[in-house]
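Since each chain sits alone in its own frame, please combine them into the complex, following the hints.
Protein chains in written order, with this note's numbering: chain B, 1 to 112; chain L, 1001 to 1259.
These are calculated hints, taken from the structure and not from any lab test. Hints should not be assumed to be uniformly reliable.
In silico DSSO-like links for lysine-lysine, alpha-carbon gap of 30 Å or less [what the hints assert, rightly or not]:
#1 L:Lys1067 <-> B:Lys82
#2 L:Lys1137 <-> L:Lys1067
#3 B:Lys82 <-> L:Lys1137
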Amino acid sequence: MKADALRGHLDLLLLAIVEDGPYHGYAVIEELRRRTDGAIDLPEGTIYPALHRLERAGLLASTWTEVGGRRRRTYSVTTKGKTATNEKRQEWNAFAQMVQRVVGAPPWPATT
Amino acid sequence: MAGDDLITAYLRELRASVAHLRDADDMVAEAEDHLRETVERLRDDRSEAEAAAEAIARFGSAGYVAKVCTSEAKRGAAVPTRRTCIAGLSLFLAPVLLIVGTIGNYSTGKTFVHGMWVFLSAFSLPALLYGLWGLRKRHGGLGRAGLIAFVVAVVALPVAMPFSYFGLVVFPVLLGLAVLVFAVEMLRARILPVMPLVLLAASPVLVLALLPVSRLVTNDWYLLGAALAPVVVALMWLGWVMWREPAVDRSGVGPLAAI
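Pulled out of the complex, with its shape left as it was, chain L reads as follows (with noise of 0.2 Å):
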């Protein structure tokens, strides 16, 4: 009975170290079927309480799987969905939004027309933030680094806007540094096309690097505008992809369809 106690323990420590998770009885649960049944595997050539203690070594300590467990649950799975490729076609258009509503915008007169320019250059943020979020999904959530850079990118307009013309610093540094970050963990994640993450990685910092000169010294914007231009390539090439995905939850496509 040495061995059922020892597995008795180990699962009043898992139960305990994964109590703040929604399926913590279900864990438990399994745990302890998969313990048994090592057990009951082992046992044959060794005593109960040494194939007891086999088990729990094989399963991992209590404190490791519930981080585990912790870390999984705030994941999701990294497939192309329909969300997934609407974000990717909304990510596609957001620079072309602001690229059209910004050339309107300089080109034409106080007009109904103009108005319609400045929409369009406004709206490229939130098409842009919901590009974010696809490709957070896309990449299974990007872990802790992922949601706080999409959290800051959100925050990035609210946050500038009290610094008055200091916040045209202000938004596009937080902007950058959140796609920046995007960009390094979706590397590493390693789902999408390299290129266009190098080029998504590079220009914040090439951004962030000439913002200084740009504004203080030539104070013209042409200089930021040319260091843009990765980015602008980058979202459309990795929209573009997101786009063209076939998604997992969509009837009709990938390879089963024809079966």
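Bound-form chain B, shown alone (with noise of 0.2 Å):
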């Protein structure tokens, strides 16, 4: 799945992903994977600019600490971050049903 197919829906699965945290970058990135058996085709740096921006609008906060002389930032969820990660759940399921409604249902019986 390439970067446009999620556009829009990058936020949640980063959020939803890190909510289950904390996780560091690398982490994320190989939860994303294992998440979608490897569908999103993203390139991993990428990743990085979209959780300095869920950062910096207060949804995810991080720590730096070292690992094997790197330093190393982990990513945890704020409370404003669990509440947008809620509200955003809620708009993709409501989303995601209404699209199922139109691509699922059984074709209109025919008049003819």
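Below, the structure written as structure tokens:
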């Protein structure tokens, strides 16, 4: 699945994963890959700017630690982020159900 | 060590590409942690250099990552906040103020009350601009097009004023173009209900089409007034939706409030 198909949904995907965290960036991507059976094909480096933006918006918080001589940033969801995640999850469920009702509906009986 | 050299060279390129960003150092540190973690996991079944090349390929080119960093740095999160809720109320009230003020303006004599009606009419513009600002915030900024459209809406009045009476054409044209761009970008973002957005997009087109007819042919404003009806409905509809959204930064609301 390419980036275009994810437009507008990446925030929810990231928030839903980090909600079960805390996770560092690599782990977020690994979890994203695991939950989607590798279907999401994004350049891994593009996840970090989105995580930074969510942090600037107050939906994520991060802490730095030192692991194996490297600086590592770990993300967790804030209270505000949990509220936003639930809101976005409800919006997504309503949208997905609406689409399913259309594409999954049996064909209208032929009249001829 | 060839793999290490590859990563070092990549990080140098990334640092140069994101140097203009405030969090450039953090971005590079995270990239280094990510790349070295990837190499550690990949090198079991391949050489260090192959693992580093694979890690860099997965991460994305420094230029592309920097481009995404820059565009994300300009965006906000598309979530309802207390400010977007208040901006929604402002958006809802903007056409109400204009309509009530205009009716009052034409139905009363030159008294203190008349001045109040004029004030209400005039106040509808800042209310609209604040509402448009809220729409941008609610959509995470609406990109460069959204920013340009907002700036056009803000400068529409000062730009139109030097044109004297012709400014009565310039002002709605600029405002109409700004609203049209807003509507198109919001439709693309698919966050607020589609119907009012379609109305919002249709109305400026209708107004821009009827403006020459209204001013130059029939020389009355009734035609234009009718074309403005959808935008009034759309602004009030969108404003009401934004006003009623539970703000993520307001305590005591949202699904977690009961927990």
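Hints, one by one, checked against the model:
1. Annotation: proposed proximity of L:Lys1067 to B:Lys82 holds, straight-line Cα distance about 29 Å (limit 30 Å).
2. Simply put, L:Lys1137 and L:Lys1067 have alpha-carbon atoms about 22 Å apart, close enough for the 30 Å limit, and the pair holds.
3. Of the pairs offered as hints, the one joining B:Lys82 and L:Lys1137 holds, with about 19 Å between alpha carbons and a cut-off of 30 Å not exceeded.
When each numbered hint is compared with the structure, no violation occurs for any of them.
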